[in-house]
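Student: Could you slot chain B onto chain A? The hints should help.
Line order of the protein sequences matches chains A and B.
If you count by my numbering, then the first sequence holds residues 1 to 306, one letter each, in order.
If you count by my numbering, then the second sequence holds residues 1 to 153, one letter each, in order.
A hint or two may mislead.
Listed next, the in silico BS3-like pairs over lysine-lysine satisfying Cα-Cα at most 27 Å (straight line) [unchecked claim]: (1) B/Lys-104 / A/Lys-2; (2) A/Lys-80 / B/Lys-111; (3) B/Lys-111 / B/Lys-90; (4) A/Lys-178 / A/Lys-144; (5) A/Lys-2 / B/Lys-105; (6) B/Lys-41 / B/Lys-150; (7) B/Lys-150 / B/Lys-56; (8) B/Lys-64 / B/Lys-150; (9) A/Lys-2 / A/Lys-66; (10) A/Lys-185 / A/Lys-250; (11) A/Lys-185 / B/Lys-150; (12) A/Lys-284 / A/Lys-299.
A few chain B residues that don't get close to chain A, going by computed Cβ distances all over 10 Å [what the hints assert, rightly or not]: (13) His-24; (14) Arg-70; (15) Asp-73; (16) Trp-148.
Hints are computed from structural coordinates only; laboratory data are not their basis.
Ideal Cβ positions, reconstructed from N, Cα and C, are used throughout, including at glycine.
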Amino acid sequence: MKSIMSPLDLSTAELDELMDTAEDIMANPAKYAHACDGRLLATLFYEPSTRTRLSFEAAMLRLGGKTLGFHSSDSSSATKGETVADTIRVVSSFADICAMRHPKEGAPMVAAAVSQIPVINAGDGGHQHPTQTLTDLMTIRALKGHLDNLTIGMCGDLMFGRTVHSLIRALIRYENVKFVFISPKELMLPSYIRDDLLTQNNIAFREVSRLEDVLPSLDILYMTRVQRERFFNEEDYVRLKDFYILDKKKMQLASPDMLVLHPLPRVNEISTEIDDDPRSVYFKQVRYGMFIRMALILKLLEIKVD
Amino acid sequence: MADSERTQYKLHVGKIEEGFVIDHITPGNGMRLYYDLGLDKLGCCVAMILNAFSMKMGKKDMIKVEMPLRKYDLDTIAFLDQHATVDIIKDGEIIGRPKLTLPKKITNIIKCRNPRCITSVEHELDHIFLLTDAEKGIYRCKYCETEWDKESK
Chain A
1 MKSIMSPLDL STAELDELMD TAEDIMANPA KYAHACDGRL LATLFYEPST
51 RTRLSFEAAM LRLGGKTLGF HSSDSSSATK GETVADTIRV VSSFADICAM
101 RHPKEGAPMV AAAVSQIPVI NAGDGGHQHP TQTLTDLMTI RALKGHLDNL
151 TIGMCGDLMF GRTVHSLIRA LIRYENVKFV FISPKELMLP SYIRDDLLTQ
201 NNIAFREVSR LEDVLPSLDI LYMTRVQRER FFNEEDYVRL KDFYILDKKK
251 MQLASPDMLV LHPLPRVNEI STEIDDDPRS VYFKQVRYGM FIRMALILKL
301 LEIKVD
Chain B
1 MADSERTQYK LHVGKIEEGF VIDHITPGNG MRLYYDLGLD KLGCCVAMIL
51 NAFSMKMGKK DMIKVEMPLR KYDLDTIAFL DQHATVDIIK DGEIIGRPKL
101 TLPKKITNII KCRNPRCITS VEHELDHIFL LTDAEKGIYR CKYCETEWDK
151 ESK
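Isolated chain A (complex conformation) (with noise of 0.2 Å):
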């Protein structure tokens, strides 16, 4: 049995497999319909996320299978003091596999250290998010073809951000991956990721403040929202909560194929007048999250749909 705590826990090998799943479920929705009758997925939200949840949820039911939980740590045994730990276990008597989402970094390991069943990570803090990556990877092969070869665009909090950190290491692990991050300097990459995962690996990457300067460099545009929940101090997050906003202006620089992400929700960096424009692909991208969760669930529960 295998639990996902980090998108690195997935070969390249393994990916593709996922994605291609993922993308004849796509194809053939009825072909899986049925494919987790009878299997219950346990949603153990101890702190919000409406999309991350929904998707799951989604994921779930469009397989055949029910789901059931909780949506915050108010509703769940954690008020009476019982640690992650035997929640998991009574978890593991009722269903077939299990989403957490945890405001405490590493929770989701301490669950599936002593799970009778599969625990996907559905974030925990600041610290990984992995079904949000596999949903990144997912829409760039999708849109784009390859995930090899691609000039990135990271724009926002990319001290705090972490989609950002997840998916850069999972991209660095495809051919000819450049990167260009764009943030103030109060939000740029931590060094454990410049330094030593990029530098040291040979990653070509530049550091820039002004969007406009690189946009037409860029293959793909990951946009990200400054997150009030990560900082101590309110004021830092004012301050810097509205320094990049992607306008219609900004887009006409950027070319005819370039691709906007965002793991949403967006707060205003995504100005809604680009919207319509078919390069933006931020809706498409949620689609695309809950097709890869159905494929993670069947891999997980060690489904084959023939």
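Tutor: Below, chain B without anything else, positioned relative to chain A:
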């Protein structure tokens, strides 16, 4: 204390029959090793020598312990002070000087200081750190992957 007793006492501290000597400890690090090795709780004979003269280092700390060495001790010493050396003593003689290498995993020697780590709220969990870069001696929390700041005490 009579002179003969004083001499006997000095000899007892100077030479141990069975145990180990941690030598070449960075000056000022001795007491930390003493506590982190749990020597304050063992009840065995322990001699602390602080700021001793050293040809190699100028000054050094030393600890002599009358108790067999455990694997845990070696890992802890290697993690806390890479300059230190260890002599194993049996029948009053040095019988070995194990090479100190950074342990791949350390458990409950240091605590994760990330307030967002699960160990900050679930106190029964072991504090486990994994060696992620042997060259730079970087350890990260097994749960949240936060790097251990060597400068923090």
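Student: Does each hint hold? Answer for all of them.
Tutor: To see whether the hints hold, each was checked on the structure:
For the hint pairing B/Lys-104 with A/Lys-2, the CA-to-CA distance comes to about 24 Å; that is within 27 Å, so the pair holds. Of the supplied pair hints, the one linking A/Lys-80 and B/Lys-111 holds, its CA atoms being roughly 25 Å apart against a limit of 27 Å. Taking the CA atoms of B/Lys-111 and B/Lys-90, the gap is about 34 Å. The hint is violated against a cut of 27 Å. Proposed proximity of A/Lys-178 and A/Lys-144 is supported: the alpha carbons are some 15 Å apart, at most 27 Å.
The straight-line distance between the Cα atoms of A/Lys-2 and B/Lys-105 is roughly 23 Å, inside the 27 Å bound, and the hint therefore holds. A C-alpha spacing of about 25 Å is found between B/Lys-41 and B/Lys-150, which places the hinted pair at or below 27 Å, so the restraint holds. A hinted pair counts as satisfied when its Cα atoms are at most 27 Å apart, and B/Lys-150 with B/Lys-56 qualifies at roughly 24 Å. Among the hinted pairs, B/Lys-64 with B/Lys-150 is consistent with the structure: their alpha-carbon atoms are about 25 Å apart, no more than 27 Å.
With a C-alpha separation of about 21 Å, the suggested pairing of A/Lys-2 with A/Lys-66 holds against the 27 Å cut-off. Restraint check: the Cα-Cα separation between A/Lys-185 and A/Lys-250 comes to about 21 Å, which is no more than 27 Å; the hinted pair holds. Restraint check for A/Lys-185 and B/Lys-150: satisfied, since their Cα atoms lie roughly 26 Å apart, inside the 27 Å limit. Under the criterion of a C-alpha separation no larger than 27 Å, the hint pairing A/Lys-284 with A/Lys-299 is consistent with the structure, at around 23 Å.
Against chain A, the non-interface label of B/His-24 holds: every CB pair exceeds 10 Å, the least being about 30 Å. Even its closest Cβ contact with chain A, about 25 Å, leaves B/Arg-70 beyond 10 Å, as expected for a residue assigned away from the interface. With a least CB separation of 27 Å from chain A, B/Asp-73 remains clear of the 10 Å interface cut-off, as annotated. Under the 10 Å C-beta cut-off, the non-interface status given to B/Trp-148 relative to chain A holds; the minimum distance is some 12 Å.
Comparing the model with each earlier hint shows a violation of hint 3 alone; every other hint is respected.
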